[in-house]
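J.: Residues per chain are reported as follows:
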Amino acid sequence: MDFSFSEEQELLRNSVARFLADNYAFDVFRKVSRGEPGWRRTIWKQFAELGLLGATLPEEYGGLGGGAVETMIAMEAFGRALVVEPYVPTVVIAGGLVRTAGTEAQKQEWLPRIASGDSVFAFAFAEPRGRYNLSDLTTTAKKRGTDYVLNGQKAVVIGAPFADTLIVTARTTGERRDAGGVSVFLVDARANGISRRDYPTMDGLRASDITFENVEVPVENVIGAPDEALPLVERATDEAIAAHCAEALGTMRMMQEVTVEYAKTRKQFGAPIGKFQVLQHRMVDMFMHVEQSASMTLMVTLKLGERAERRKKAASAAKVQIGNAARFVGQSAVQIHGGIGMTDELALGHYFKRVTMIDALYGNVDHHLARYASLRSQ
Amino acid sequence: MDLTFSPEEEAFRAEVRSFIAESLPPHLKGRIRRDLGTKEDYLAWHRELYKKGWVAPNWPKEYGGTGWTVTQRYIFNEECARAETPPILPFGVSMVAPVIYTFGNEEQKKKFLPRILSGEDWWCQGYSEPGAGSDLANLKMRAVRDGNHYIVNGQKTWTTLAQFADWIFCLVRTDPGVKPQEGITFLLIDMKSPGITVKPIIVLDGVREVNEVFFDDVRVPVENRVGEENQGWTYAKFLLLHERSGIAGVARSKKAIERLREIAAAEQVDGTPLIETDEFARKVAEAEIELTALEFTELRTLAAEAKGRPPGPESSILKIKGTEIQQRITELTLEAVGYYAYPDAHAFGENEYPVGPENAVGAAGVYFNMRKASIYGGSNEIQRNIIAKAVLGL
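Protein chains in written order, with our numbering: chain A, 353 to 730; chain B, 4 to 397.
In short, the hints are calculated from the structure, not lab data.
These numbers come from a predicted model, not from an experiment.
In this text, a Cβ means the ideal position worked out from N, Cα and C, and glycines have one as well.
Incorrect hints may have been included.
[Stated by the list, open to error] With beta-carbon atoms standing in for the labels, derived distance ranges:
no. : chain 1 : residue 1 : chain 2 : residue 2 : range
1   : B       : E317      : A       : D530      : 56 to 62 angstroms
2   : A       : P624      : B       : R222      : 36 to 42 angstroms
3   : A       : G497      : B       : G352      : 40 to 46 angstroms
4   : A       : E388      : B       : T200      : 30 to 36 angstroms
5   : B       : G198      : A       : E388      : 39 to 45 angstroms
6   : A       : G497      : B       : N354      : 41 to 47 angstroms
7   : B       : E110      : A       : P624      : 29 to 35 angstroms
8   : A       : Q361      : B       : E327      : 41 to 47 angstroms
With these hints in hand, go ahead and build the complete structure from the sequences.
T.: Next up, the structure:
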């Protein structure tokens with residue numbers, strides 16, 4: 353058993369931390385997230401130069417041959433800096449799907465472009481009435497000659513306003529919510545028949561609701577076996593869950609650190625408020641939540657390669673821990689700061705919003721508690 | 004003891020309900036639920052109530068109160084919440100007015116109370132300062148006597164809707180040489196006075212709800228002092244007790260749970276309405292049960308008040324439980340809307356249709372915004388200290 357990073361991983365960790373400290377201060381986040389276009393392509397290219405975008409991709413396709421630990425390292429650092437660029441949809445989802453299930457041609461086409469920062473993806477999987485069920489799909493794809501024709505609607509597609517390619521889940525056969533009959537497509541974001549409604553999200557990202565109306569997708573853009581892609585999608589989203597756990601962990605650590613720091617300096621009743629036992633215990637509980645979250649993030653990261661049932665259990669367990677911790681840590685951090693914690697001016701509120709929104713992503717606490725319980729009883 | 008309403012009380016409920024149905028402009032129904040609203044949104048409803056004589060149920064009748072029983076006040080609050088009217092903001096009607104009619108002189112009563120009632124004067128609260136939050140008595144804003152005036156210098160903060168205000172009631176330090184609580188004076192200050200600057204503070208959901216207010220050599224006539232110089236702390240505490248008793252928000256929370264049920268009925272989990280799933284149904288039930296307990300605790304307090312007992316330190320229970328329940332409901336609402344918590348409601352214009360279901364709009368914003376509730380009006384930690392000290396004698 354060994355939980356230490358390799359030399360290369362330490363190097364990656366240090367270089368990301370240094371890069372973000374130099375290029376991603378809080379006021380920069382705020383400016384970028386509120387301005388147009390809502391992200392920075394220059395930063396994205398620099399991520400590529402740092403080796404971040406190819407860290408988890410195979411070397412023969414321009415990557416560095418790393419894996420989930422590298423993603424964890426990047427995402428924890430991103431969480432500390434509130435990075436808005438679409439790393440998860442591009443590297444974890446698109447990179448992961450193509451790497452594990454893509455054809456040789458797809459790998460050659462897409463993986464080098466992901467590693468070099470030339471392709472930016474968004475993951476269109478959620479639907480207005482599907483909640484967290486990945487197979488509750490009303491978007492359909494019907495084969496017509498050498499194309500599939502897509503029709504339907506996708507909800508809250510994060511990063512879609514600046515994606516050049518969409519990963520879209522759709523039903524090719526079967527009934528709504530059937531496990532079988534799900535397929536995954538690579539879709540040109542500028543294809544005819546796609547219309548988007550773009551908007552900023554509560555936590556400073558951009559997203560779109562997307563309508564597909566007779567959108568033609570060539571058959572060679574199907575990832576994996578048609579009709580049988582649900583296991584692929586589940587695997588990709590479990591990997592995304594692990595990544596967002598690491599992100600939330602980074603954000604929670606920041607909240608915990610700035611809160612302790614504030615409690616040491618803010619004086620009321622003639623003493624730093626950190627001297628009051630009721631606040632001390634609350635900060636200790638915050639600290640314990642963060643440490644338990646660090647453990648669960650590591651756990652899920654190291655179990656992503658295991659067989660499906662174990663991987664799913666690990667992902668659900670981690671998502672539950674992170675969701676509960678994020679609520680407690682976020683609410684406590686604001687409470688201990690008092691009024692100043694409610695302001696837009698302080699970074700704290702933005703950390704709080706980011707971790708809060710992560711709970712809804714790929715299923716909230718209740719969803720994953722239920723999934724965990726059903727896997728246990730199997 | 005009896006829980007049922009008398010025929011007279013039922014008739015009163017019918018009267019309130021039909022009055023609201025006739026006088027509430029349709030565009031104001033639920034207006035303040037999603038975001039702050041405009042000054043006019045609040046005032047339009049205030050004026051309707053004024054015409055009817057129903058602005059200030061908590062005031063003695065001689066100053067324009069309604070003379071209602073506790074039960075009538077309870078019914079009135081329920082009906083307003085049910086119809087989602089804009090609230091009557093507390094700063095004038097529930098905060099400064101009781102201080103003025105209890106401790107002010109005749110001229111002050113004559114000058115200020117009718118204008119509070121009519122909505123002509125909008126009041127804001129000048130209590131907190133950057134260094135005086137939970138430790139309110141530590142306030143530093145200085146007032147120095149100069150003939151018939153006080154010269155006021157310093158800063159207030161977290162001043163709710165100061166951008167709309169005509170007047171501000173302030174705690175100021177008139178004697179720095181004594182115990183903090185002993186050198187405080189209660190002043191009424193015209194917001195149009197030269198030397199006052201209001202600076203916005205934007206809060207988590209992106210709205211300008213609070214402000215910083217700066218005072219630079221502001222001249223305040225001595226006649227605007229309430230009560231005695233250096234006795235302001237007594238009035239301040241009296242006001243805080245009034246603030247706390249109104250803070251439980253039971254009727255509005257009932258309505259919020261009703262809305263939560265509607266949202267959770269529309270949201271589907273694998274074809275089943277979310278509200279019918281065991282897990283979520285139980286959480287909503289739990290919030291409702293907590294709210295029922297709070298409702299009866301509040302009714303007990305009101306009943307005691309009706310018998311002539313002013314609100315005491317136990318009113319802190321109402322503040323703590325009331326705000327915890329309000330926050331819990333916003334948490335469950337956020338949870339219920341799923342992915343549609345994401346869109347930032349402020350990104351859409353007034354006449355633009357929102358992304359996702361109509362009732363998901365603002366769920367996240369309200370959740371973030373309501374984190375303030377356990378901080379304002381004396382943080383919930385401070386309220387627990389009050390109960391520990393003043394009720395339990397610890």
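J.: All the hints need checking, so say for each whether the structure fits it.
T.: Tested hints:
no. : hint                                   : verdict
1   : E317(B) to D530(A): 56 to 62 angstroms : 58 angstroms, holds
2   : P624(A) to R222(B): 36 to 42 angstroms : 37 angstroms, holds
3   : G497(A) to G352(B): 40 to 46 angstroms : 43 angstroms, holds
4   : E388(A) to T200(B): 30 to 36 angstroms : 32 angstroms, holds
5   : G198(B) to E388(A): 39 to 45 angstroms : 40 angstroms, holds
6   : G497(A) to N354(B): 41 to 47 angstroms : 43 angstroms, holds
7   : E110(B) to P624(A): 29 to 35 angstroms : 45 angstroms, violated
8   : Q361(A) to E327(B): 41 to 47 angstroms : 43 angstroms, holds
Checked against the numbered hints above, the structure breaks only hint 7 and satisfies the rest.
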